[in-house]
Amino acid sequence: MSFSTVLMTVFSTTLIYAAPLIFTALGGAFSEHSGIVNVGLEGMMIVGAFSSTVFNLFCAKIFGAATPWISLLIGAVFGLLFSLLHAVATINFRADHIISGTVLNMLAPALCVFLTRIFYNGKGQTPIIDQSMGTFTFPGLSKIPLLGKMLFTHTSLVAYLAIIVGIIGWYFLYRTNIGLRLRSVGENPVAADTLGINVAEYRYLGVLISGFLGGIGGAVMAQSITLNFSVSTISGQGFMSLAAMIFGKWNPLGATAAAIFFGLAQSLPIIGGYVPFLAHVNSVWFQIAPYAITIVVLVIFLGKAVAPAADGQNYIKSK
Amino acid sequence: MKKKWMALIATTFALGTVLVGCGSQSSSSKGTKHSAALVTDGGGIDDKSFNQSAWEGLKSWGKSHNLKKGVNGYNYAQSDDDSDFLPNINKLIKAKYATIFGIGYKLDNAISTSAKENPKTNFAIIDSVVKNRKNVASVTFKTEQSSFLAGVAAAETTKTNKVGFVGGMQSDVIKTFEAGFKQGVKAVNPKIQVDVKYAGSFSKADVGQSLATAMYNNNEDVIFHAAGGTGAGVFTAAKNAAKNGKKVWVIGVDQDQKADGAYKGGNVTLASAVKKVGTAVKDLSNQAMKGKFPGGKTVTYDLKDNGVGLVNDNMSAKAWKVVQNYQQQIESGKIKVSPK
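Protein sequence lines, in the order shown, are assigned to chains A and B. Position 312 (the first sequence) corresponds to 322 in this note's numbering; numbering is contiguous. Position 110 (the second sequence) corresponds to 119 in this note's numbering; numbering is contiguous.
Chain B with its partners taken away, still in its complex shape (with noise of 0.2 Å):
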């Protein structure tokens, strides 16, 4: 008896896991120069963020060249945990991509460590930055240009003359979004005070939505998050917030996130700066597949190449033509934004 069930447990097992695995699939053969794929940093490709930008970027890559999904086309592995970045990325090596993108600053070690051992692939890492490789394109983004705009845009919104900032975990690249936020607040108006919060992860909706009950109870009416997952629970208490009359407003992050502030009877999100992840991968495989890869070097994406910026979403007129200006402004030179 013991033993049958046993085998039922091992079978639910092995269901689960297969289950799990429905997303992906690939199998060896070989490969030609117009390949390319990617490897996503525990995030499914539709994670309303990040990994579903890179791979909306490569499928539109592939597409308007004529390719498929899978082996000799473009293709996608998904990481559900930091152990599966190395297995990832060497099934998609097995598999003959031409390139490999990690998506995201914890796939640099990975990323790194494939390719000395496989010099003749190209690799790319987004947020980070790898040195000593010279199959390696690091990718970067000036996000605190984007996050300078995001605080025009919530300076000339707010009616408090106090906003919020609410940022996932203390990194680098977080920090360049409140940097730049701040900045860009202060540009405005520098009596408007910044409140910062950080939720410790990316993943926590019920602290995210805890930390923005209190900032908009404290009366500021503007939160620009920079969260991933823990964004969901601002949008949530903007919502519940709204619904008990006050007027407030919630930035999104990375993609546009209008559709992330609607509720019945309104919409919370002000404006979103985004990220084109998407826009580096494709232009990237494009460069790889004339044989011009940026292997070794660090490409930036800015304001002026259109690789971050602010969408406006629910912005006043008047609010939108000073978030331009100043969008000119950063473009010509005029303002440095600094990402510290």
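Okay, chain A solo, but in the shape it has when bound (with noise of 0.2 Å):
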């Protein structure tokens, strides 16, 4: 491999392990800056798996190549959906939000395998879909010399709409009036709630982008990578989002750049067997390093993480 291909493989690899955990962590950061824990995420990202692929399934004939596309706006509708259960759970009835959460990683791999046999003559898994995001070059900006080829050919596009995604989600949280509001909930809802705030409603603000960001995520493991659904198309991701949520400090631009790290981390590795001077070393190696790097990473480079204050508090107003 040359050297710009080695690169590139990098690139396009990580960015491809990294683009659900994005949308997730985002999702997860939504949640928490509201003041609600959410250790769901991998049941809703199961959720948006499910029924992103079967839309797919669905309606491929119809809408052709836009099909996956469309796919994720689906994932992410049952997924605010399933989150409904979380908000009503934790909002209304004030549950343990660790139970509530374990509750919805739970329900969402048997509720979906079950509905894929009803759906597919009793088979556990879907069929494959036909029309699935396949890889991206970006016309002009991969012409660039070095940079273009490394950033810009054949790589994940949904990738690259993770990060804007995540600079939005910044920009809404930390510079616009229901961003600070919806912050504010998670730190001091007395407070909030004395300056007029609706604390319920902001809170379930909070859940439901949760839950749309991660319907997304699992739709783009399934639009992407796995290209059909079954119980092990989300196997961990969840919660690796929510690591890299912590590993963000909860900002989501920090999030965003966690999901990368892992995903380089993860990709780096892999690429490691192909450059010339790394390829005598023992692949062992290789295979000890995504975890050694995150463990080093997370010694060295980072303070303490301080979670939104009243995060999984519930507000009781009466008190």
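Derived from the structure by calculation, the hints contain no laboratory data. It is possible that part of the hints are untrue.
[Said to hold, decoys possible] If you only want the chain B side, here are some residues facing chain A, beta carbon under 7 Å, derived:
(1) 214
(2) 269
(3) 342
[What the hints assert, rightly or not] Calculated pairs, DSSO-like style, for lysine-lysine (alpha carbon to alpha carbon, straight line, at most 30 Å):
(4) A:153 x B:171
(5) B:330 x B:252
(6) B:345 x B:115
(7) B:168 x A:153
(8) B:171 x B:140
(9) B:68 x B:301
(10) A:133 x B:103
(11) A:159 x B:345
(12) B:252 x A:153
(13) B:143 x A:71
(14) B:100 x B:301
(15) B:68 x A:159
(16) B:78 x B:115
[Said to hold, decoys possible] Non-contacting residues of chain B with respect to chain A, defined by C-beta distances greater than 12 Å in every case (computed):
(17) 77
(18) 99
(19) 107
(20) 126
(21) 142
(22) 166
(23) 197
(24) 208
(25) 299
(26) 311
(27) 321
(28) 337
We put the beta carbon where it would ideally sit given N, CA and C, even for glycine.
The task is to assemble the complex, starting from two chains supplied on their own in separate frames and drawing on the hints.
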């Protein structure tokens, strides 16, 4: 492999891995900034992956090449609907957030596999989708010497979309009225309430956005990586996203960067074997590397991660 | 309020469990000598691989003898976790199935323990050898032979003289695939490079996709995968490369994976190295019925008795001819394929 191909492969495989994580981690950030802990991201991803796949299989003939993109929206809508359970449980019924999130994680795979069996003659996984998200080469940008091949050739378009959503998410949370109110509800709901902010409303907003983005995350996984839905389509990505969010200190930009970092840590060892001077290193080292790199970076570069002050606390008005 | 809510959560949990359990049921009553059941190793009976093949074999055996699904006929128990193995086996023993299959090497301990406690039941273990039990038949496959043919197919097809192998986890079973594949490639052309990579998991499609993308970018144009669900990512990478105008191929594993390679505009599945677990299950069930269950023995299936083989999906006529030629040489014993 030539040097530029090595770089291109590193970046494209990093983005493949990172795209679903970015969306979902952003979702987690929204929920937690409103004060609702969301360990149910995995469940929301599963629902998103399932609904987007079913939509794709049914509607690929109608929408043609646009199908996977519309499927993302469908996954998002169903993720949002599913997250309503979490919102109702935690905001209206003041349930423990961890328990409610765990319920989502246990319910989602069972429900989706059950529905798959009903829709597809008792089979435990769906057929493979014809219209999937392939790779994308940016016209114009790919002509830039070296950088063009590295970043903009045969790469994952949806990952770039995810990064843009990350930037919008940061702007929304830190620069707009609604975003600041949403954060105030997660920091000090009593004070926010005194100032006339409807705490429940903003918490709903936070959880529903997280369901929406989590659904997209799951849909990206199904539409661009596994290309069908089975019980193993989402295997721990929701928890990786949660980790990325914490790694990124609850900041949308941080979470995006952390997800990309996880992708890089996953990709470097795979590509390491193709770099000439690394080719003779025992592959065990490459397999250990992602974990080792993550630990080292966590220890060296990160101070204390501080969650929103009222994260995980139910707000009871009369107290 | 809180109590009510807890009750609701408890119900949701229960519902979840019930939904999961929907696939399998069994109740106990008297059994006959003509009943058989299998325990899966983690995947479902529709995993497009191993377990599905076994279940299809058992179903076809049951149907050919006019048996019904359920007690006194044929059935399965799905394991979602390694801790399900023993309970599942016990459930089937209580329902008095005459022959019980453990699908996959992960079940060998559970089968060995159960066989000791239930000497009158026939047990069979797939892909592993259980020693010192007179009521256990061990079934192994010479997958190195089918992988050898996959290697021949790859070597006859490659234009770049570089081919790849993506394995799931490094285990004895998967190593036989790697070894056979390498020997097959070298038999055709010793100059072809074989790039071997392991994903470290059978269920990480994203890692599979990254590995395969790297291989295709490295100008390897045929990849043989023996990686279960991780292989889905290999197919995705191949489709993406094909859409960008590269001519690349995947060789599937366990089952005919032609459908997995289909995309709008073509198909990337070159061939599939199949392992007919179903044939073995059917065979042993028939022998058990006749009272000739090979308990205590190791039964090996190979190319000759059609237990393993290579299915042609999109190979050129010329390449397929060469593969068949090698197949005859292996069957006649002219070529010996080493499992290591």
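For each hint, the structure was consulted:
no.: 1; hint: 214; verdict: holds (4 Å)
no.: 2; hint: 269; verdict: holds (6 Å)
no.: 3; hint: 342; verdict: violated (35 Å)
no.: 4; hint: A:153 x B:171; verdict: holds (29 Å)
no.: 5; hint: B:330 x B:252; verdict: holds (29 Å)
no.: 6; hint: B:345 x B:115; verdict: holds (28 Å)
no.: 7; hint: B:168 x A:153; verdict: holds (28 Å)
no.: 8; hint: B:171 x B:140; verdict: violated (41 Å)
no.: 9; hint: B:68 x B:301; verdict: holds (20 Å)
no.: 10; hint: A:133 x B:103; verdict: holds (27 Å)
no.: 11; hint: A:159 x B:345; verdict: violated (46 Å)
no.: 12; hint: B:252 x A:153; verdict: holds (20 Å)
no.: 13; hint: B:143 x A:71; verdict: violated (57 Å)
no.: 14; hint: B:100 x B:301; verdict: holds (25 Å)
no.: 15; hint: B:68 x A:159; verdict: violated (53 Å)
no.: 16; hint: B:78 x B:115; verdict: holds (25 Å)
no.: 17; hint: 77; verdict: holds (16 Å)
no.: 18; hint: 99; verdict: holds (23 Å)
no.: 19; hint: 107; verdict: holds (26 Å)
no.: 20; hint: 126; verdict: holds (31 Å)
no.: 21; hint: 142; verdict: holds (32 Å)
no.: 22; hint: 166; verdict: holds (21 Å)
no.: 23; hint: 197; verdict: holds (24 Å)
no.: 24; hint: 208; verdict: violated (9 Å)
no.: 25; hint: 299; verdict: holds (32 Å)
no.: 26; hint: 311; verdict: holds (30 Å)
no.: 27; hint: 321; verdict: holds (20 Å)
no.: 28; hint: 337; verdict: holds (34 Å)
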